[in-house]
Amino acid sequence: QQPVQSPQAVILREGEDAVINCSSSKALYSVHWYRQKHGEAPVFLMILLKGGEQKGHEKISASFNEKKQQSSLYLTASQLSYSGTYFCGTEKGGSQGNLIFGKGTKLSVKP
Amino acid sequence: DAGVIQSPRHEVTEMGQEVTLRCKPISGHNSLFWYRQTMMRGLELLIYFNNNVPIDDSGMPEDRFSAKMPNASFSTLKIQPSEPRDSAVYFCASSPPRHTNSYNEQFFGPGTRLTVL
Chain A
4 QQPVQSPQAV
14 ILREGEDAVI
24 NCSSSKALYS
34 VHWYRQKHGE
44 APVFLMILLK
54 GGEQKGHEKI
64 SASFNEKKQQ
74 SSLYLTASQL
84 SYSGTYFCGT
94 EKGGSQGNLI
104 FGKGTKLSVK
114 P
Chain B
2 DAGVIQSPRH
12 EVTEMGQEVT
22 LRCKPISGHN
32 SLFWYRQTMM
42 RGLELLIYFN
52 NNVPIDDSGM
62 PEDRFSAKMP
72 NASFSTLKIQ
82 PSEPRDSAVY
92 FCASSPPRHT
102 NSYNEQFFGP
112 GTRLTVL
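Top to bottom, those sequences are chains A and B. Each residue of the first sequence is one higher than the one before, counting from 4 in our numbering. Each residue of the second sequence is one higher than the one before, counting from 2 in our numbering.
I should point out that these hints are in silico values taken from the structure, not numbers from a laboratory. Only a predicted model underlies this, so the values are computations on that prediction, with no experimental measurement involved. A hint or two may mislead.
Derived pair list, reagent style DSS-like, types lysine-lysine, alpha-carbon separation capped at 30 Å [stated by the list, open to error]:
no., chain 1, residue 1, chain 2, residue 2
1, A, Lys106, B, Lys69
2, B, Lys25, A, Lys40
3, A, Lys95, B, Lys69
Pulled from the structure, derived: some chain B residues nowhere near chain A, Cβ distances all over 10 Å [to be verified]:
no., residue
4, Met16
5, Ser28
6, Gly43
7, Asn53
8, Asp57
9, Asp64
10, Thr77
11, Lys79
12, Gln81
13, Pro85
14, Asn105
15, Glu106
16, Gln107
Simulated DEER-style distance windows between Cβ atoms [claimed, not checked]:
no., chain 1, residue 1, chain 2, residue 2, range
17, A, Lys29, B, Arg86, 25 to 33 Å
18, B, Lys79, A, Ser9, 21 to 29 Å
19, A, Lys109, B, Gly4, 22 to 30 Å
20, A, Asn68, B, Pro9, 28 to 36 Å
21, A, Gln82, B, Gly4, 20 to 28 Å
22, B, Glu63, A, Ala80, 15 to 23 Å
23, A, Lys71, B, Gly4, 30 to 38 Å
24, A, Lys40, B, Phe75, 36 to 44 Å
25, A, Asn68, B, Gln18, 26 to 34 Å
26, A, Gly42, B, Arg86, 19 to 27 Å
Don't be surprised by glycine CBs; every beta carbon is placed ideally from N, CA and C.
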């Protein structure tokens with residue numbers, strides 16, 4: 004039931020774009036995205052809800068395809084500060100808020 | 002406002018010893034989560050409390066692990082006896098009630114890095 008993320012790692016130059024994908028084998032009520040910088044705790048980025056509602060980050064956008072049980076995170080014009088590991092999380096049944104996280108996508112942005 | 006507070010930040014212990022990790026959630030939050038993070042397994046949910054009651058402990062690896070939440074402002078995760086494979090970073094996170102329209106985002110503490118020799 005753990006969501007699958009791809010790619011596992013991405014290396015970018017500043018200003019380049021990246022897409023991180025998250026897919027699940029079960030129906031999704033919501034998808035949560037978090038970013039973790041090295042040596043720090045994960046930090047909430049955004050949530051996408053069934054029906055199209057989302058709460059987002061200023062410069063990072065995401066999509067949620069309920070039928071395909073997939074979500075994608077779009078990082079445009081990447082900055083050095085975008086470096087970190089990105090995790091998607093799906094709610095473990097009953098929308099109680101307890102999440103199952105994917106294994107993460109490590110993003111490195113170089114000058 | 003203070004965020005989620007965890008203690009200790011680092012713990013080194015020997016195999017067989019008891020380890021207790023502590024967490025103070027953000028005031029007003031009614032959900033609390035314990036996670037374990039390793040390179041091999043990623044970020045795993047161990048147990049989830051709502052209003053101080055354990056709702057889902059299916060992620061607790063085995064009987065050596067136990068967690069309590071005696072009140073809304075304190076939780077512990079205990080490992081007894083500890084083993085080298087328990088070495089990991091343990092995070093505590095809390096989230097506010099859904100009715101506050103917060104979308105249930107989780108706020109993570111800084112984590113406790115546990116090393117069992």
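Exercise for the section: Check each numbered hint against the structure and report the violated ones by number, ascending. Expected result: 6, 8, 14, 15, 16, 18, 20, 22, 24, 25
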